[in-house]
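Single-letter residue listing:
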Amino acid sequence: MSLLLIRIDDRLLHGQVTQGWGSVLNPDRFVVANDTVAGNEWEREMYESSAPERVAVSIVTIAETGERVREWIEAGEDILLLIENPSDALELYRSGLTFDVLNMGGLHHRDGRTRILPYVCLDRNDVEALSALRDHGVTVECADVPNSERKDLFACLGSRENEI
Amino acid sequence: MIRGIVFTHANLGEAFCESVGSILGIQEDLVCLSNNELSSEQMMDALVSTTGPEGDGIVVFTALFGGSCWQTAERLQRERSDVRHITGTNLPMLLAFINKREETALDDLVDMVAGYGHRGIKP
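Top line first, the protein sequences correspond to chains Z and E.
For the first sequence, the working numbering gives the first residue as 35, with consecutive numbering after it.
For the second sequence, the working numbering gives the first residue as 207, with consecutive numbering after it.
Keep in mind that the hints were calculated from the coordinates and are not lab data.
All residues carry an ideal CB built from backbone N, CA and C; glycine is no exception.
A hint or two may mislead.
[Stated by the list, open to error] Chain E side only, calculated, beta carbon under 8 Å to chain Z, not exhaustive: (1) Asn217; (2) Glu243; (3) Ser245; (4) Gln248; (5) Met250; (6) Gly273; (7) Ser274; (8) Gln277; (9) Glu280; (10) Gln283; (11) Arg284.
Generate coordinates for the entire structure from the input sequences, incorporating the hints supplied.
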């Protein structure tokens, strides 16, 4: 039993995840690692209600994610983990929840971000956090839906890595 | 007039509105909105702008329970007393909405629309 996918997606748990990736990977549990959602009962309940009935949903803080995920995996579950942004991914990695591949599923446009792919826009903080993960040996693989072509994020970035 | 917003993935909302137009004629207070390439915050901004000033009420139609449009519409419904949200949208629901909205109160209209949606599905 394992972590099937660790995904950065600023929409967190939504159709591409519950219907798209969920149908292909068949996780036992979607885990949303996000301090804001974990601290808001209404948002938590909304996300918990939004997945197909056969899949559990857990909303956890970044700090507790590593331990909780290890417990679920030891109990025999397959997990799909959702993170809102690269900084949270780096914080998770440094807390001891290590991984080799990180799925970049969606970081949408806002002021200060540069578009790399239709569904990936990065600012300096994003690039720095992702570079730090790369230095740990993590491959950041862009794919919004399960059958889209896997693109290496840093190959997409090219020389813009230092310009953003 | 109760206004309708069809808020969906890709160009489904546009296609829904065009389809309603081809059956009942073009409807002024039925508009579409796509979540394409928008973050959660941008989806909320776009939905709020599309609702316009408060009036007789607004029904937001989404298509996928649990999807990002559904989440955004749930958040807006929680904040705004003039907004109702219904998901699982199909064409019979939109046709019923147009045909009944002038003679039906907002909450009754949403229940009625849901009923037409259910009855439009025949295995």
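Can Asn217 of chain E be said to touch chain Z, with a Cβ gap under 8 Å?
-> violated (15 Å)
Residue hint Gln248 of chain E, partner chain Z, criterion CB-CB below 8 Å = holds (6 Å)
Hint check, Arg284 of chain E versus chain Z [nearest Cβ-Cβ separation less than 8 Å] = Since chain Z brings a Cβ to about 7 Å from Arg284 of chain E, closer than 8 Å, the hint holds.
Hey, does the Gln277 of chain E contact hint survive, CB to chain Z under 8 Å?
-> Where the cut-off is 8 Å and the nearest Cβ of chain Z is about 6 Å from Gln277 of chain E, the hint holds.
Report holds or violated for the interface hint on Ser274 of chain E, using the least CB-CB distance to chain Z and a cut-off of 8 Å.
-> At 4 Å from the nearest chain Z Cβ, Ser274 of chain E passes the 8 Å test, so the hint holds.
Supplied contact hint for Met250 of chain E, tested at 8 Å Cβ to chain Z = violated (12 Å)
Supplied contact hint for Glu280 of chain E, tested at 8 Å Cβ to chain Z = holds (6 Å)
Verify the interface restraint on Ser245 of chain E: the C-beta must sit less than 8 Å from at least one C-beta of chain Z.
-> holds (3 Å)
Was the hint right that Gln283 of chain E lines chain Z, CB cutoff 8 Å?
-> With a closest approach of 11 Å, the Gln283 of chain E hint is violated.
Can the hint on Glu243 of chain E be confirmed by a CB-to-CB distance to chain Z that is less than 8 Å?
-> Cβ of Glu243 of chain E sits 6 Å from chain Z, so the hint holds.
Taking the least C-beta to C-beta distance, is Gly273 of chain E closer than 8 Å to chain Z?
-> holds (4 Å)
Hint violations for this structure: numbers 1, 5, 10, all remaining hints satisfied.
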